[in-house]
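Asker: Listed below are the residues making up each chain.
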Amino acid sequence: MTTANSYGAFETAWCPGCGNFSIRTAVVAALTELGLPPHKVVFSSGIGQAAKAPHYIRVNVFNGLHGRSLPAATGIKLANPELTVLAESGDGCSYGEGGNHFLATVRRNIDITAIVHDNQIYGLTKGQASPTTPKGQKTKTQPHGAPSAAFNPLAVAVTMDAGFVARGFSGDIEHLTGLIVAAVRHPGFSLIDVLQPCVSFNKVNTYAWYKERCYRLGEEHDPTDRQAALARAMEFGERIPLGVLWKSDRPAFGPLPPTPLAVQEPDKAALADILAGYA
Amino acid sequence: MTTANSYGAFETAWCPGCGNFSIRTAVVAALTELGLPPHKVVFSSGIGQAAKAPHYIRVNVFNGLHGRSLPAATGIKLANPELTVLAESGDGCSYGEGGNHFLATVRRNIDITAIVHDNQIYGLTKGQASPTTPKGQKTKTQPHGAPSAAFNPLAVAVTMDAGFVARGFSGDIEHLTGLIVAAVRHPGFSLIDVLQPCVSFNKVNTYAWYKERCYRLGEEHDPTDRQAALARAMEFGERIPLGVLWKSDRPAFGPLPPTPLAVQEPDKAALADILAGYA
Amino acid sequence: MAAVSVNIVIGGAAGQGLVTVGEFLARALIRAGYAIVVTQDYQSRVRGGHNTFAIRLDPERVSAPTDSIDLLVALSAETLSIHRSKLSARALVLADAATGLDGAPGLGIPYKNLCPKPLYENMAALGVLGALLCLDPAWITGLIREKFAHKGEAVIAANLAVFAAAMDWTAAQNAAFACPAPPAKTGSRLMLNGNEALALGALAAGVNFCSFYPMTPGTSVVQTIIDQADAMGVVVEQAEDEIAAIIMALGASSAGARPLVSTAGGGFALMVEGVSLAGMLETPVVVVVAQRPGPATGLPTRTEQADLDLVLYAGHGEFPRAIFAPGDLSQCFHLAYRAVDTAERFQSPVFVLTDQFLADSLRDVAPFDLTALPPVVRPLTHVDDTAGYERYAVTPSGVSPRLLPGFTEGLVVLDSDEHTPDGHLTEDLAVRVTMQDKRLRKADGLAQAALPPDVYGDPAGATLLACWGSTLGAALEAAEVLRERGEAACVLHFSQVWPLVPDAFLPTLAAARRTVMVEGNCAGQLARLIRRETGFVFNALVRRYDGLPFTAAFILDRLTEAGQ
Amino acid sequence: MAAVSVNIVIGGAAGQGLVTVGEFLARALIRAGYAIVVTQDYQSRVRGGHNTFAIRLDPERVSAPTDSIDLLVALSAETLSIHRSKLSARALVLADAATGLDGAPGLGIPYKNLCPKPLYENMAALGVLGALLCLDPAWITGLIREKFAHKGEAVIAANLAVFAAAMDWTAAQNAAFACPAPPAKTGSRLMLNGNEALALGALAAGVNFCSFYPMTPGTSVVQTIIDQADAMGVVVEQAEDEIAAIIMALGASSAGARPLVSTAGGGFALMVEGVSLAGMLETPVVVVVAQRPGPATGLPTRTEQADLDLVLYAGHGEFPRAIFAPGDLSQCFHLAYRAVDTAERFQSPVFVLTDQFLADSLRDVAPFDLTALPPVVRPLTHVDDTAGYERYAVTPSGVSPRLLPGFTEGLVVLDSDEHTPDGHLTEDLAVRVTMQDKRLRKADGLAQAALPPDVYGDPAGATLLACWGSTLGAALEAAEVLRERGEAACVLHFSQVWPLVPDAFLPTLAAARRTVMVEGNCAGQLARLIRRETGFVFNALVRRYDGLPFTAAFILDRLTEAGQ
Ligand SMILES: Cc1ncc(C[n+]2csc(CCOP(=O)(O)OP(=O)(O)O)c2C)c(N)n1
Ligand SMILES: Cc1ncc(C[n+]2csc(CCOP(=O)(O)OP(=O)(O)O)c2C)c(N)n1
Ligand code: SF4
Ligand code: SF4
Ligand SMILES: [Mg+2]
Ligand SMILES: [Mg+2]
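Chains A, B, C and D are the protein sequences, given in the same order. Reminder that position 236 of the first sequence reads as 453 in the numbering used here, one-by-one numbering, no gaps. Reminder that position 56 of the second sequence reads as 273 in the numbering used here, one-by-one numbering, no gaps. Reminder that position 145 of the third sequence reads as 200 in the numbering used here, one-by-one numbering, no gaps. Reminder that position 487 of the fourth sequence reads as 542 in the numbering used here, one-by-one numbering, no gaps.
Check each hint, because a few of them may be wrong.
Here are the simulated DSS-like pairs of lysine-lysine, each with C-alpha atoms no more than 30 angstroms apart in a straight line [to be verified]:
#, chain 1, residue 1, chain 2, residue 2
1, B, K420, C, K172
2, B, K357, C, K172
3, B, K357, C, K206
4, D, K493, C, K141
5, B, K355, B, K343
6, B, K343, A, K357
7, D, K493, A, K357
8, A, K485, B, K357
9, B, K343, C, K202
10, B, K485, A, K355
11, A, K352, A, K464
12, A, K485, C, K240
13, C, K493, A, K257
In silico contact screen, one side only, chain A against chain C (beta carbon under 7 angstroms); selected entries [stated by the list, open to error]:
#, residue
14, P233
15, G252
16, N297
17, L300
18, N317
19, T441
20, Q444
21, I457
22, P483
It is worth saying that the hints were derived from the structure and are not from the lab. Computed from a prediction, not measured in an experiment: that's the story for all the values here. Cβ coordinates follow ideal geometry from the N, Cα and C atoms, glycine included.
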């Protein structure tokens with residue numbers, strides 16, 4: 218039986234007080250609730266503080282390059298649809314370096330789940346603006362404030378009719394756990410943007426800042442109402458909604474191969490026929 | 218005085234009947250109407266059939282790499298704000314290979330104009346699906362149909378509060394000319410997605426197909442109404458609206474340097490002070 | 056062979072059907088038993104411009120293109136003016152009677168009379184060519200029946216009629232063109248271009264995943280795979296960019312797929328970080344790099360061999376790799392196969408360097424014996440003790456047992472950071488050295504497995520023409536010409552350009568009287584690599600970088616110029 | 056120098072303030088007149104782990120770090136256990152009295168008593184170190200006043216009080232530590248790390264555009280520029296990725312900006328296509344590649360010299376380039392300056408290879424004489440006849456007059472395809488050869504302008520230690536030790552690694568008794584490059600790839616091991 222213990226205990230390289238710890242707790246709780254044996258799960262990640270997360274869970278890991286968690290996850294799922302595939306990385310990794318893959322993965326709607334630790338900053342490289350850093354917010358490298366409008370991943374995903382679009386908060390582990398469970402169960406691409414305080418480099422969007430603003434979306438929100446979803450996705454100021462903003466009934470990317478490619482041997486007879494066609 | 222003749226006459230490498238010719242006509246008409254002398258204009262482009270367009274106009278040209286027209290245009294504008302900078306390329310170039318730059322340029326809202334020749338196909342490489350090829354549409358490389366949902370550049374741009382978002386059609390040169398004039402005049406990033414039949418590789422989205430569907434947006438459309446803009450951006454089927462879908466009053470990226478960087482010499486006195494600070 | 060071969064060049068604008076005529080004739084010639092080499096020269100545009108499709112045929116064997124033209128089919132007026140200077144002494148120009156021959160020897164073909172519609176001009180051209188080549192018309196009429204079978208009898212009949220009329224008309228002209236000798240080849244031969252052969256070799260080796268972003272001349276490998284994907288169970292996905300293409304391939308590989316990625320230099324440049332990742336993750340991937348002239352966009356549809364250095368050093372940091380460079384169709388097939396096996400065996404990135412010339416060069420080849428292919432190494436889907444399983448277990452060979460995620464309870468952890476044997480990131484600098492040494496030890500195995508260069512002819516006291524990749528054919532013909540001229544000559548061809556094993560070729564080089572490296576680049580990239588690895592310096596370097604493939608005449612001219 | 060230098064190592068977890076103590080002390084030592092070399096060893100994390108900040112000081116001169124520790128400031132208990140084995144015979148450990156010394160020689164510092172708040176522990180540590188080094192307290196108190204000026208008198212007074220108390224307490228301990236000799240340097244010296252020096256040299260050369268994507272250890276070049284951007288009028292933009300970073304820089308350059316791009320190997324891997332574009336567009340750009348151990352993510356915060364091959368061959372196709380590799384602060388400044396000039400002069404991509412060690416190594420350097428800097432080449436904002444202006448005019452040097460768009464009526468057309476002299480794309484293959492030859496001719500000018508390697512000491516009959524980049528200091532010290540041992544020794548340092556001009560160094564190599572290449576990589580990348588270019592084979596290779604910088608002891612140990 219799969220229990221939280223199945224996923225192990227690790228020493229981390231995170232700062233004390235970082236929101237990443239709670240996200241890890243929620244991920245483990247969700248995997249446990251889903252009853253997934255560790256060896257049937259693969260986490261793909263990029264590079265950053267968030268991207269270290271899969272090293273701290275007993276699962277299969279593909280910790281690749283900065284920005285590239287989604288294409289790796291896509292390749293894994295295409296090669297073996299029997300695996301449950303999650304991509305876990307930071308906001309910089311997922312929406313900055315990896316922006317083009319974000320768009321393509323939403324368009325593909327392949328059955329993987331992306332958990333984005335959104336601390337609105339580049340943590341590992343010590344505090345540059347990330348795509349989600351609000352315009353005007355000062356950092357060491359943006360002394361006059363971030364010059365560009367912040368990227369709103371949820372609004373873009375909703376507009377693009379992404380499979381499943383949700384926002385979580387590391388300060389609400391129970392709620393986040395539920396989101397992850399639902400996201401993994403959703404057949405298609407699921408995005409969970411998780412607000413996560415970075416105690417070392419983001420002195421604006423702190424735990425208290427998020428705590429004060431975040432509220433759980435209630436029953437009244439209909440995640441199949443695109444206009445409502447978009448309105449909630451745009452709400453990021455005095456109030457920030459948590460929950461499933463949008464769910465689409467778009468079919469997931471497919472068809473996926475009927476068996477894992479690893480056990481598929483080349484059909485020499487078919488090949489002989491093909492070669493004969495070149496005569 | 219700037220006349221259409223100022224922009225020269227060239228032999229092209231385009232197929233007879235291609236929509237690119239009309240787009241060229243509209244571009245020249247717009248530059249003429251804007252009264253821009255050729256040497257004050259720079260066109261940046263990527264690689265593709267569309268991306269050859271700047272070679273067929275007498276202007277300054279930066280014909281760089283596939284997918285990279287926008288960062289090049291951004292660099293040019295940042296180095297010399299006195300130049301009028303346009304980026305002209307194909308749908309594959311602008312939304313495929315260059316997807317991440319598309320997002321970043323919208324966020325920056327830098328004062329450049331992007332003209333995207335959207336033939337919903339990769340023309341130069343002979344007919345693979347582009348990001349705007351409808352899901353299910355068959356090509357030589359996608360014999361079972363394009364597997365991903367088409368990218369809707371206008372909807373994403375509107376959602377991201379891009380500066381100026383418009384759709385043109387190569388079959389309506391006069392209207393397109395007006396769009397280009399307005400786009401160049403708009404201070405901030407302007408996107409014009411131009412529907413363009415590719416007679417060689419896109420046998421679905423033909424001139425007739427577009428012609429039948431395209432209609433000019435009337436006065437009743439308010440391009441500062443986001444919801445309306447989004448609704449029009451999503452309209453791509455039986456009817457396809459042409460015109461300025463959205464205009465934002467977001468300030469353009471800045472401040473830009475007060476003089477072209479080319480004529481700025483390093484301030485040795487300031488540097489001496491800086492060095493002294495390291496003592 | 057130079058004397059008896061016939062070089063047919065069909066020229067015209069893109070979209071005028073020259074490829075159709077060329078492919079029909081090429082296939083008919085192969086079926087008839089001729090050896091052929093096709094060279095396709097085209098521009099980076101879809102319609103217009105001026106392109107050629109050249110077929111060099113020989114009753115016995117032919118390995119390379121030639122410049123001199125024996126039959127010039129001019130579909131546009133431009134064709135004649137561009138190629139006039141290359142007509143051989145016996146050449147005939149076959150032009151539309153309406154355009155005229157402008158004084159050149161040849162036939163003005165009355166297309167208007169022969170064809171009910173312009174659509175049939177291809178058939179008329181085939182009829183003229185068939186007659187001049189004294190080809191049994193059955194070879195072409197059979198093809199016409201096959202190709203138009205799905206269009207119905209009426210269409211077939213119409214095409215056959217035009218073809219027959221054109222043959223008859225030609226016969227009546229009594230043109231002064233000597234038929235080539237009857238063909239010597241017997242038994243079925245395949246017609247493939249280099250990229251088709253590569254793709255089929257990869258499929259034979261079990262490639263079942265292909266992520267790509269289109270780029271000439273790399274795309275046709277992918278297109279061939281796509282065309283057979285359903286039959287062969289291949290997952291193909293067009294990626295959003297080349298970065299995604301290689302990363303998807305690595306993801307798929309990590310889960311047990313056997314991936315192939317194909318691109319050209321510019322697309323490969325974008326994969327450089329991914330190549331380094333493959334080195335660090337020790338995850339197999341085969342990358343085909345089809346070369347074209349650079350820098351940057353360069354000449355997208357022409358040929359060059361200037362990306363050897365790029366491929367050799369692509370990726371930050373140090374890790375082993377292998378690079379194959381096939382010289383003909385058989386090597387394309389077998390080296391693609393071997394590349395897959397090598398990647399799996401050494402859990403490393405492996406490259407196949409080809410180029411536009413070979414990619415597009417249709418040729419005849421004996422059918423491949425699929426049953427004779429050695430088995431390809433496969434990852435494990437089972438280990439006895441999953442408890443202690445470590446993906447990067449330190450071994451004498453540097454190769455660790457590769458388990459796949461999901462098949463057992465053993466966890467597979469891959470990490471781009473420096474890592475402990477279990478795959479988790481580490482900052483222990485002693486472990487760093489252990490792991491780097493482990494990875495680099497795979498270079499020894501790769502060297503042991505490396506293919507030695509092939510020697511064609513006797514090097515003793517000879518002029519040795521060294522080359523790699525697609526230059527093989529022209530070098531072989533140049534050596535043959537030298538021998539015909541009474542000069543000892545041989546060819547040393549590197550079908551694997553990395554790793555280089557000096558003992559495998561230094562004695563050959565030492566035996567030669569003079570050594571000449573023939574490369575399609577400016578720097579002499581392989582020549583200087585050989586100097587780096589062995590100290591050996593070639594006596595001369597013959598380079599070509601105008602976008603066209605080598606010919607024997609080009610090589611021999613340069614040798615003469617250099618006073619060699 | 057080895058005998059009289061003092062090596063102070065401050066160890067602790069990230070976030071514990073070891074860098075603050077280290078930087079204070081380093082600056083005070085430099086102001087006092089000492090020579091220093093700082094080595095920063097840290098992990099890829101923000102808090103925790105174990106890091107060190109090592110200051111090696113010498114009254115006269117010091118060029119490299121050393122392993123043996125004379126004063127170990129243990130901010131965490133781990134520090135002592137990790138570094139215990141490296142304590143010198145005279146070493147003292149300075150640990151919190153509460154933690155204890157675990158039997159090691161040293162002082163248990165009563166931080167609790169000395170500091171009213173833990174915040175002040177840094178000041179206490181400084182007091183202890185100042186006293187043991189017999190440093191005039193004014194150097195540190197002056198710094199305290201400066202650094203805390205903006206916090207007001209009360210804060211200054213509180214810090215001064217802790218500092219004084221710690222000095223007094225230490226004096227009372229009568230610790231057995233011999234003060235270093237009084238410093239010899241006079242006149243003001245600057246304290247910079249390698250990346251600061253690079254950035255300042257670039258600013259001096261007029262760099263006014265910097266597009267970047269953050270990556271350790273390349274970011275600190277950018278950060279230095281950002282900190283001075285307002286004063287120096289630099290446009291800085293954080294790009295969405297490294298591809299955008301280099302393309303923006305090329306766009307800006309094409310419009311007349313003087314751009315600098317800085318990254319590490321992985322980020323540079325993504326710029327490879329852009330590098331090729333720079334070659335084809337003939338548009339200047341300077342790229343700083345700060346090396347760290349790979350492949351892939353590797354060890355992000357450690358040092359290595361394994362990206363030479365990557366930088367040398369980055370980009371598909373062939374085009375000229377120059378690569379600088381500074382060995383010390385002065386070279387960082389002057390070679391960054393020269394890189395900008397070289398890029399502008401030859402309208403080519405130019406690279407500066409540094410590494411984490413040098414990037415983070417604070418040192419003393421004499422102030423740069425800004426007035427003595429030669430002028431930097433600038434593009435044209437005017438030509439006499441714009442009518443005939445061609446951006447790629449064919450010239451004997453290969454360098455074409457570079458006009459900027461917008462300044463005259465001359466149109467500037469840049470094209471990544473092969474192009475005619477006016478910049479428009481062409482498929483004319485003769486033009487291709489002309490243009491490729493033109494571009495490649497710039498290599499001659501680059502070779503003429505190339506800096507010869509520096510020779511330190513007399514090569515005649517000597518052991519010659521060859522090296523490049525940051526290895527200079529350790530090689531110099533190793534040579535000095537050899538000379539002290541009575542063995543003739545010299546150093547040959549390549550501060551420019553491409554192009555190589557054999558005549559500039561072969562005589563030196565030939566004069567030596569034995570030649571040893573010392574490189575921070577596995578393959579011996581420069582050694583084999585030299586073999587390729589000259590045939591010269593080094594007698595031995597000393598390599599390091601554990602993520603740490605070379606020291607003299609490391610080099611000498613390896614020489615002994617190799618029985619050399
Ligand atoms: C190609 C590449 N570019 C840059 C980097 C450097 N880098 C590592 S992590 C990071 C940003 C991390 O930010 P984010 O993804 O938000 O993760 P966080 O650390 O905040 O959790 C960057 C820029 C890299 N490793 N690779
Ligand atoms: C890095 C890179 N990848 C791929 C290519 C090949 N390529 C050239 S044009 C093109 C697609 C062009 O499509 P689009 O941008 O829609 O322009 P169109 O030809 O349809 O006008 C591709 C994939 C390239 N030149 N560079
Ligand atoms: S730097 Fe920020 S995101 Fe990273 S571990 Fe520390 S607190 Fe968390
Ligand atoms: S291929 Fe299509 S887009 Fe390109 S020129 Fe021809 S018709 Fe136009
Ligand atoms: Mg982040
Ligand atoms: Mg297109």
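Asker: Tell me, in ascending order, the numbers of any earlier hints that this structure violates.
Answerer: 6, 7, 14, 15, 19, 20, 21
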